[in-house]
Amino acid sequence: MDFETFVFYSFGAILVASGLRVVTARNPVHAALALVLAFFTAAGLWILLEAEFLAITLVLVYVGAVMVLFLFVVMMLDLNLTKLREGFWSYLPVAVTVAALMGFEMTTVLYGRSFGSQGATEPAGYSNTKALGSLLYTQYLYPFEVAAVILLVAIVAAIALTMRHRKDTKYQNPAAQVSVKRQDRVRMVKMKATPRAETLESQE
Amino acid sequence: MSLVSWHDLAPMLPEIFVLCMGSLILLVDAFIADRHRFVTYAATQLTLLGAVLLTAQGAHGETVTGFHGLFIEDPVADVLKLMLYVSISAMLVYSKSYLQVRGLFRGEFFVLVLFAALGMMIMISAGNFLALYLGLELQALCLYALVALSRDSAVATEAALKYFVLGALASGLLLYGMSMVYGVTGHLDLSGIAGVLAHGVKDHTVLVFGLVFLVAGLAFKLGVVPFHMWVPDVYQGAPTAMTLFIGTAPKIAAFGFVIRLLAGGLQPLAHDWSGMLVILSVLSIAIGNITAIAQSNIKRMLAYSTISHMGFVLLGFLSGNLQGYGAAMFYVLVYVLMSLGAFGMVMLLSRQGFEAEHLDDFKGLNQRSPWYAFLMLILMFSMAGIPPTAGFYAKLAVLSSALDAGYVGLVVAAVLFSVVGAFYYLRIVKLMYFDAPSDPSACRAHADVGVLMSANGLAVLALGILPQPLMALCTYSIWHSL
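Residue numbers (this note's numbering), protein chains in the order written: chain A, 1 to 204; chain B, 1 to 482.
Everything labelled a hint here was simulated from the structure, so no lab data went into it.
Any given hint could be a false lead.
Said to hold, decoys possible - Taking lysine-lysine and the DSS-like style, the derived pairs with C-alpha atoms no more than 30 angstroms apart in a straight line are:
| # | chain 1 | residue 1 | chain 2 | residue 2 |
| --- | --- | --- | --- | --- |
| 1 | B | Lys-162 | B | Lys-96 |
| 2 | A | Lys-167 | A | Lys-190 |
| 3 | B | Lys-162 | A | Lys-83 |
| 4 | A | Lys-167 | B | Lys-96 |
| 5 | A | Lys-181 | A | Lys-170 |
What the hints assert, rightly or not - Here chain A is said to cover these stretches of chain B; the calculated rule only asks that three of the stretch's residues, wherever they fall, bring their Cβ under 8 angstroms from a Cβ of chain A:
| # | region |
| --- | --- |
| 6 | 68–74 |
| 7 | 106–116 |
| 8 | 128–140 |
| 9 | 203–210 |
Unchecked claim - Pair ranges (Cβ atoms, derived):
| # | chain 1 | residue 1 | chain 2 | residue 2 | range |
| --- | --- | --- | --- | --- | --- |
| 10 | A | Lys-83 | B | Asn-297 | 24 to 34 angstroms |
| 11 | B | Gly-353 | A | Lys-83 | 50 to 60 angstroms |
| 12 | B | Ser-23 | A | Thr-169 | 25 to 35 angstroms |
| 13 | B | Gly-172 | A | Gln-177 | 50 to 60 angstroms |
This structure is a prediction, so every number in the text was calculated from the model and none was measured.
Heads up, the beta-carbon is just placed ideally off N, CA and C, and yes, glycines get one too.
All chains, please: the whole structure from these sequences, using the hints.
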């Protein structure tokens, strides 16, 4: 076994183990951290395939941004796990049977097959990023633009679903605050001056 | 090398127009007060009208591709897109007052509907796995958000979550299948895949393995048994206007998806996928029709009826030849017309604080509004497949194509189950004509809804008496596209 195969199998083993941990961990924070590990090892596998741009993007976008947000959400939500885990043991036999059957079938079909991408080492100085960029902005410009529309829809949907105008919120109107005049705040009242001592005496 | 030429952009003018107008409406709507919201409504209808004109003007009866084969414009795409615009426009007319009463008549609704339409157009015109998948996601994201739009309703939120989770699962299945097919053929391009498959590949098992996942993903999106569990819950939980939308336009897009994927790219594998479709279609027709009998909620009943109708559409694909695809296309177009009318009627009977969701709400409709009762009678007869309505001819065309392909037992089963199905359609007719109404007041509708509903019901009748023009259009477009 050469070094590359060894690295592949170690990364693969860690990936599978952390993937299992994501679904079995009791604590949701641990599950999220296991997912981070899974992304890291997947990025390692991509580096092994000489897809360094994709690997770095995976770490930057998924580990750096998505998972951090995810962790925040998990920590802020007060998840009631006992309620979520209700009925776990009663579903388990059926679930395990189906999963084992599926796993067995998929292994028998896919075991020992190659998809014919081996041996394609690129010359030194070949830039993966450049090739990807030029393809993305020429041949695949159309799907790229559609993906942009999907992001726009995501923004519209997120705002439409979460924003609501509440009538009872107390808020400040800065424009009104700035344009306020003295007359609006202070009222001058003319009063006749009367000696105080006399009123006291008359009440007595 | 220039990035984009006019040659690429010309066939996709309708898509570009809808995208620009959607963005424009999004911007303008932010500055419109609630009482002037009809401006957004009118702009959306005008956008659809413009798309109709652009598509009709660009239809030359030949296949044009753009963007390195990622985009295809052919007669099938033109016909499906025109029907798409018509159905969305009718949906907007039917649901206008329903949405106004429930505080859902908002700018986001129209923007999301337009973007969903864009996603469906992209699916219909896709020539590549990437375009197919992105169009599907664009459409699906809009639909999830639309279902959840009435966020104070717990039922609608639950429906949206179910729809979202199962939709995401289906997308995962589709992508996995696509990756397998890509692994074997080395192409994402549907024409490229067909080219490789025509010469035969050595790894046929993996190809079929990928095909299983593709068909399962498709079945989820179409809502056929055994991937149908989301359909009744979403149809019942969503506000009726959204149910009307989900039940009509996306079915046209899903048909386009199946035509592009199975009949376009994977046609050489027809022998493999037709076996899978046999199981899906016979189970859908059986379970859809039998379960619908037990429903007391009309939206849920129509959901099960949708499942059985989708089973019939798949029946058209079984033969794997152009005649069958033409019959399936005719069935989808007729189904969309019937579904528009039926859900439109449910909304017509609803009013402020009252949803006409139960079968009992149709009691004595003949005494309240005889004309609407008659239209509903036509729609129900058509769904059951009773002559002289369009539904009869659609079922006949699909069944005869399956019969020609030698599926005699399957055809017999389909006919038997559609007889079972006739029971629950005719039950509504019985409720309307032979029972006393609980509320004798006539149902009022705006003039535009009344006119459109009449046109819709009469179109179903007219297509049953004179099916030839539409059938000829479907056959012509299929023959000139594939």
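Now for the hints, and whether the structure bears them out:
Simply put, Lys-162 (chain B) and Lys-96 (chain B) have alpha-carbon atoms about 26 angstroms apart, close enough for the 30 angstroms limit, and the pair holds. Restraint check for Lys-167 (chain A) and Lys-190 (chain A): not satisfied, since their Cα atoms lie roughly 39 angstroms apart, outside the 30 angstroms limit. Restraint check for Lys-162 (chain B) and Lys-83 (chain A): satisfied, since their Cα atoms lie roughly 18 angstroms apart, inside the 30 angstroms limit. For the hint pairing Lys-167 (chain A) with Lys-96 (chain B), the CA-to-CA distance comes to about 26 angstroms; that is within 30 angstroms, so the pair holds.
Using a Cα cut-off of 30 angstroms, the hinted pair Lys-181 (chain A) and Lys-170 (chain A) holds, with the two alpha carbons roughly 22 angstroms apart. Requiring three or more residues with a Cβ within less than 8 angstroms of a Cβ of chain A, the coverage given for the region 68–74 of chain B holds, as 3 such residues are present. A stretch counts as covered by a chain when three or more of its residues have a beta carbon under 8 angstroms from one of that chain; for the region 106–116 of chain B and chain A the count is 5, and the coverage holds. For the region 128–140 of chain B, the assignment as covered by chain A holds, since 7 residues bring a beta-carbon within under 8 angstroms of that chain's beta-carbons and 3 suffice.
Check result for the region 203–210 of chain B against chain A: holds, 4 residues qualifying (beta carbon to beta carbon below 8 angstroms, three or more required). The hinted window of 24 to 34 angstroms between Lys-83 (chain A) and Asn-297 (chain B) holds, with their beta carbons roughly 28 angstroms apart. The hinted range of 50 to 60 angstroms is not satisfied by Gly-353 (chain B) and Lys-83 (chain A), whose Cβ atoms lie roughly 33 angstroms apart. Between Ser-23 (chain B) and Thr-169 (chain A) the CB atoms are about 30 angstroms apart, so this pair conforms to the stated range of 25 to 35 angstroms.
The hinted window of 50 to 60 angstroms between Gly-172 (chain B) and Gln-177 (chain A) holds, with their beta carbons roughly 52 angstroms apart.
The structure fails hints 2 and 11 (numbered hints given earlier, in ascending order).
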